[in-house]
Amino acid sequence: MSAETLARWQFAITTVYHFFFVPMTIGLAVLVAAIQTAWVRTGQEKYLLLTKFFGKLFLINFALGVVTGIVQEFQFGMNWSEYSRFVGDIFGAPLALEALLAFFLESTFLGIWIFGWDRLSQKVHLAMIWLAASGTVLSAYFILAANSFMQNPVGFTFNEARGRAELTDFVAVLTNPVVLVTYPHQLFACFMVGGAFLAGVAGWHLWRGARTPVPEPGDGPGSGDEQPSTSPDPATARAAWRSAVKIGAVTLLVASVGVMVSGDLQGKVMTQVQPMKMAAAEALYETEQPASFSVITIGTPDGQRELWSIKVPHLLSYLATGTLDGQVQGIRQLQEAYEATYGPGSYAPNIPLTYWTFRWMIALGMAGALLGAYLLWSTRGGRELRHKLWLPLLVALPLLPLFSNSVGWIFTETGRQPWLVFGLLPTAAGVSPGTTVAEVLTSMGIFTLLYGGLAVVEVRLMLKYIRAGLPDLTPATVDEGQDAPLEFAY
Amino acid sequence: MELTTVWFILIAVLWIGYFVLEGFDFGVGMLLHVLGRDDRERRVVVNTIGPHFDGNEVWLITAGGATFAAFPEWYATLFSGFYLPLLLILVALIIRLVAIDYRSKRRELAWRQRWDLAITVSSALPALLWGVAFGNLLRGVPIDADFEYVGGFWNLLNPFALLTGLVTLTLFLTHGAVFVALKTDGVIRERANAFAARIGVLAAVLTVVLALWLNLRHGSGVTYLTSAVAAGGLLGALAANRRGREGWAFVGTAACIAFLFATAFLALFPDVMPSSLDPAWNLTTSNASSTPYTLTIMTWAAAIATPVVVAYQAWTYWVFRRRLTVSSIRDDVLLPDPARR
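Taken in order, these protein sequences are the chains called S and Z. Residues in the first sequence are numbered from 361 upward in steps of one, following my numbering. Residues in the second sequence are numbered from 1381 upward in steps of one, following my numbering.
Mixed in with the good hints there might be a few duds.
Said to hold, decoys possible - Each computed DSS-like pair below joins lysine-lysine, with the alpha-carbon atoms no more than 25 Å apart:
id : chain 1 : residue 1 : chain 2 : residue 2
1  : S       : K606      : Z       : K1485
2  : S       : K412      : S       : K628
3  : S       : K671      : S       : K483
4  : S       : K483      : S       : K416
5  : S       : K628      : S       : K671
6  : S       : K412      : Z       : K1485
7  : S       : K412      : S       : K824
8  : Z       : K1485     : S       : K824
9  : S       : K606      : S       : K824
Said to hold, decoys possible - Reference listing, derived: stretches of chain Z covered by chain S, where coverage requires no fewer than 3 residues with Cβ under 8 Å from a Cβ of chain S:
id : segment
10 : 1418 to 1432
11 : 1457 to 1470
12 : 1668 to 1681
Calculated from the structure, these hints are not laboratory results. Built from N, CA and C at the ideal position, the CB exists for glycine as well.
All chains should be built: construct the whole structure from the sequences, respecting the hints.
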């Protein structure tokens, strides 16, 4: 394998992995902040319990999001130095701004939030989580603006002498039509994940509570490594979990509507600026007018010919152009047009990959939303979850929108190929020329092993803290004349 | 002043901020077992940096992003050229942050021992390697006419760079010990104070040797001055430490690190990454930079945001200004009794 192929695989592995933690971070940060707000405003204990419980899970997830994010920033220079030279004038600015305006906000105020429960007034402490959450929401904008430049370069000029793209209009970069539709699409997708996680975890506790008999008084806490649990009384716990299911499922449903609306707008922008990606998403070889949407197509293994399919007439025309009879360009016609512009070569991405990831993105997202709706319906008016099938369903609930995020990004990034920056820089031209196969192989091997190990540690830790349930709120006893101990300590 | 010069200074400030702040983080991590003899004490030590270490690391991310934005050629050559050292640093930074976050998440002896060992090793590695990287940056590395690094890995291991690595390692150890002395009370404070006095002497000797070597090779009037301030800062820190004035000692070690890196950046300027093959192939503030338009936008953003960031980070140190003692740690989070050591 060439250094280029390896560098691409490494980018794919590290980015997809990083992006397991990002939607959780953004979604949960805002939800935890909202629940803490509910506690500060109503004073109800259940909200405090939920804030602490989900706050802990949020932090376990956040740690991995941060560390895998540093790799992303370094990787551009390490493996893609020619790319960095080519776009640095444009791409570097949003990256630097992301760190300066968003990451500092996120990390600094989260630090105070974690340790500040007994050091700050209730309202100031609440402001800390909101500041951290706004950092996460803001960071998404900058990095998506940078990515959108790669999909649809705007606000630049090509400097022949230096062989690089140079910024001419920063506002144009920040208001790229692609980022304007991608940002809401991504944020709503994050809230789908956060909401589904809240609902899934709380739903599981309700399900477990409904199936296990209430323990006899006098039963001690289980041995092992679980924290000694003098947790809240069963009625409070049940009320807390019910609220979390409701908050989570409603967030999931509202966000999924947002994802659909913004996704629809995104399709139209994509048709204009990256028609090849739209054609590839549909495996549409010939230009059609009107174009029908293929729900499912079985083609020959090389993706060149269709064997069997189910189609919805006019739907693709609508998705792509907003009219029922709009013309949608096919891969062959686009290939000819691109050859005329850019010279000989193949300008189509991997068609089966784009076709299937596009469908899986939609299917997984919709399945998550439907499951959320069903959970909300099944718990209405104090109804219990008892059926044993709820276990796999509740485990699947957060994973569906999470994996929908992953395949969505695989679609959008592989759909841009063979370009690194659409129309400007082919992917092969972006790799570091001096980096050897051995070097990339080493780093890819190390990251894959390290990330795999961390995934095991992280998931097991998550499950442990999910199982442990709501925390104990009784304060520690303080000896006279001593400072109160830290409420939280590493 | 030219914008490229402004950005050279700003990037220097970001790196200095990173090393002053994460420097004591690294020191605290390395000294976990030296200053904390049991589970409870180690928790005190690690929690001196608990609320801060995550925010401190953002200085690195910002320095990297700012280099990308302001000097793309520098970013590209540096990061692709120093591939393996940066890979090691990345791995260490990943493990370190996770280790600090996760060490107390299970009340199990083996779990905690492993993560604590990981904290120590993964703090030492970047403390050494950042020095090695900056030593090479100063010394000049093989860069060809296309601004590509052509030196390979072993070329980075040379006496000057290794000395620089040892200087950052010992300086961060001193800085970390002084920080622990400043942030704790009781037996840990005494131990940290005594350790700082010993390691500080070694750090001072190495720093003076490096400062002389650096100035003889790359020096000018102003770098002699800044290295003198750096050495003076460290000596002042040692004197203050001896009297138990940890606040001043911390100011001293911080000044030493800041002025030492200022010396390095002054010695570099106007180059950002000199070539050891041909001075014509040096990357400089002008041939490595972004356009004036990009730099102008970035200047505005930095001018407005940086003071705000510094202010709120300073506030976090104020919020958590109280010294920690062994009684700061709740009994119920410690390891079960027989396993406590």
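Identify every previously stated hint that the structure contradicts and give their numbers, smallest first.
Checked against the structure, the hints that fail are numbers 1, 2 and 3, while the rest are satisfied.
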